[in-house]
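S.K.: Residue numbers (the numbering used here), protein chains in the order written: chain A, 1 to 211; chain B, 1 to 141.
Bear in mind the hints are in silico, worked out from the structure with no lab data behind them. You may find that some hints are simply not true.
To be verified - Pair by pair, the computed Cβ-Cβ distance ranges are: (1) 50(B) with 181(A): 18 to 28 Å; (2) 66(A) with 108(B): 38 to 48 Å; (3) 95(B) with 35(A): 15 to 25 Å; (4) 66(A) with 36(B): 39 to 49 Å.
All C-beta atoms, glycine included, are put in the ideal place defined by N, C-alpha and C.
The primary structure of each chain is shown beneath.
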Amino acid sequence: MFDRAMVRVSLCLPEADATLSTATVSTDPDADALELIAAGDSRGCQRLMQRHLTRLHALAVRMLGNASDADEVCQDAFLRAWRQVPIWQAGNARFSTWLHQVVLNLCRDRLRSRMPPLQSDGLEALQADGDPEQLRASQDTARLVQTAVNALPERQREALILCHFQGLTNIEAAGVLKLNVDALESLLARARRSLRSGLASLSDASSRKSP
Amino acid sequence: MNAMSLSRLRELLDAYGAESAHWPAHERDAALALIFASQPARALWHSAQALDSALDQWLPAAPDAALSARILAQLPIARGAWRSQLAQLWSDLGGWRLAGPAFAASLALGALLPLLSGDSQRDLPDEDLIAAVQFIDEPLE
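Based on the provided sequences and hints, a complete structural model is requested.
M.R.: Laid out in structure tokens, this is it:
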């Protein structure tokens, strides 16, 4: 018997419609904070942080893999936000979408400057050279997911993180990634297919090599 | 509302997962209708939900509370912002709601203190009296 109640919980409608991404700043949920910042009032930044810091920090942690780098990225992003507000053009996108764009760009810069760079050749390398100790340490689902997501090609990983974890609409995520919606959908589908098979393989490898 | 095909639903679930909030708004109703009406559609949805559940296990820790303070500390405060900071301080102190009665109370206390402090002050010689005594005590030239 299909559990309709369960589906209704999971299929709850979003509070905001995708079309809001093109709303003017007057309907931007952050309009009040932006007005304060434009007046040089640091309470505006406090409001922005209360609303978005945890979410943006999670984005940076998922992209970079550690909290201290994510802290620095968030500090930089909010400093840029403070400077951006006086020249912010209302009507293009929500300010929170712009913040996602900034954090993503800062994460990309850091990833590119790392030595060695994160390989984007998929899960195969991980599975082939899977260190038993590493796999053992990755037994729990969260670690497996982190490993699998990090092994995705860069654009797939970004699309998945923005849409699934950050909850951006397809239009917002496509805007951040400078893609059209069809291209975004293609990236997402490839990412999820890779994850589905990759997670199964990693889980099998991990359980086989466990004592 | 246009009906959705099973293949389109598969594409939708493959890309966006089982959460309807992540689906394109214009396709949401049709997708829901198909899931409620079709057993194969529900099987696809359950499969997508299983992957979502695994992904959702990856929850980064919330940022340290000190991060907010560090971010605020690095902001260049613009000219004129001292007014808003003063307003913030005033607001933190309770504004007129608290400061008004406190001011009135201090005025009243200032007026009452001399009366409540007993007669000792009144016993002290007046400044004019002291000056007069000094004048008298001065030797005539």
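S.K.: If a hint holds in the structure, say so; if it does not, say that too.
M.R.: Now for the hints, and whether the structure bears them out:
no.: 1; hint: 50(B) with 181(A): 18 to 28 Å; in the structure: 26 Å, holds
no.: 2; hint: 66(A) with 108(B): 38 to 48 Å; in the structure: 60 Å, violated
no.: 3; hint: 95(B) with 35(A): 15 to 25 Å; in the structure: 21 Å, holds
no.: 4; hint: 66(A) with 36(B): 39 to 49 Å; in the structure: 43 Å, holds
The structure fails to meet hint 2 from the earlier list, while all remaining hints are met.
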